[in-house]
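Protein chains: 2
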Amino acid sequence: MARAIELAIENVRAGCGGPFGAVIVKDDRILATGTNQVTSTNDPTAHAEVVAIRAACAALGTFQLDGCDIYTTCEPCPMCFGAIYWARPRGVYYGATAADAAAAGFDDAFIYEQLVMPPQKREIPFTPLMRDQALACFQAWAAKPDRINY
Amino acid sequence: MARAIELAIENVRAGCGGPFGAVIVKDDRILATGTNQVTSTNDPTAHAEVVAIRAACAALGTFQLDGCDIYTTCEPCPMCFGAIYWARPRGVYYGATAADAAAAGFDDAFIYEQLVMPPQKREIPFTPLMRDQALACFQAWAAKPDRINY
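Taken in order, these protein sequences are the chains called L and G.
Okay, so the first sequence: first residue is 1 according to my numbering, each after it adds one.
Okay, so the second sequence: first residue is 151 according to my numbering, each after it adds one.
FYI, nobody ran anything at the bench for these hints, they're computed from the structure.
There's no promise every hint is true.
Covered stretches of chain G (chain L as the covering partner; in silico rule of three or more C-beta atoms under 8 Å from a C-beta of chain L) [said to hold, decoys possible]: (1) 166–180; (2) 237–250; (3) 270–277; (4) 280–287.
Quick reminder that beta carbons are idealized off the backbone N, C-alpha and C, glycines included.
Extracted from the complex, chain L is given alone in its bound form:
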């Protein structure tokens, strides 16, 4: 966690993005690190945890973080929370809270609120469309004998 904090502060000073850092540890060694690179790479998904998860998976050559722990300077936003669940590490350690992030001007808490609202009442409207046709995607998946589950 001390290293993640150090990386986050360096990231701000270098002008690479927001004040967030993450470190992924496996077998007591740092496997990968990440910092927020949203504004320097024009990638709204380049949060510290996402950057670190991608780097760790690249290092391991797999899309799963079995036996890994993630240390992040702030409680993950919903995007990073989802990324963590898809990567399936062993555990997560976080420094500041989502409320701290909100107080510092970040949308984390707002996005958590929006998530539990009915789709059409959200600030960004979510509209259902062509569900019957879209189910063909899942039918194609079920019909593929050599599919790789994830």
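Assemble chain G onto chain L, guided by the hints.
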């Protein structure tokens, strides 16, 4: 949406990843597309919406999708939901539902359940650590006069 469905089905047949596609439209034109590439790129964050958002932002040279609409073959998982909120498009149209995705074997609904649980009761335990020290990251951010908000 028809194009997103077509891309998702092609993606399954080509063995590139899961049965999901997304198309981002601006000014009545397709700006970017994405399909799930988790297993072919060893990137658990490479969901269709995330891939499409990254491509659209790269095409626009910005980290915001002002005036864009996202068409996705399935209701976004929490990761993609968060990515959408950070990218701030105008609207989202989705085909299948999160329940449809769960029925097809994907974790979307499970992750939505986990999000609203207390951090230490989750299947992946979330443990607070060194909050006081971590707040220094936000102090560095507040002290940076030329910071770029996102």
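Practice problem: Establish whether the coverage given for the region 237–250 of chain G by chain L is satisfied; the threshold is a Cβ-Cβ distance below 8 Å, and no fewer than three residues must meet it. | Solution: holds (count 12)
Exercise. Can you take a look at whether the region 280–287 of chain G is actually covered by chain L? Rule is 3+ residues, C-beta closer than 8 Å.
Key: holds (count 7)
Self-check item: Coverage criterion applied to the region 166–180 of chain G (partner chain L; beta-carbon cut 8 Å; 3 residues)
Solution: Result for this restraint: holds, n = 5.
Quiz item: For the region 270–277 of chain G, does the count of residues with a C-beta closer than 8 Å to a C-beta of chain L reach 3?
Solution: Our answer is that it holds, as 4 residues pass the Cβ test (under 8 Å) against chain L, meeting three.
In summary, the structure agrees with every hint in the numbered list given earlier.
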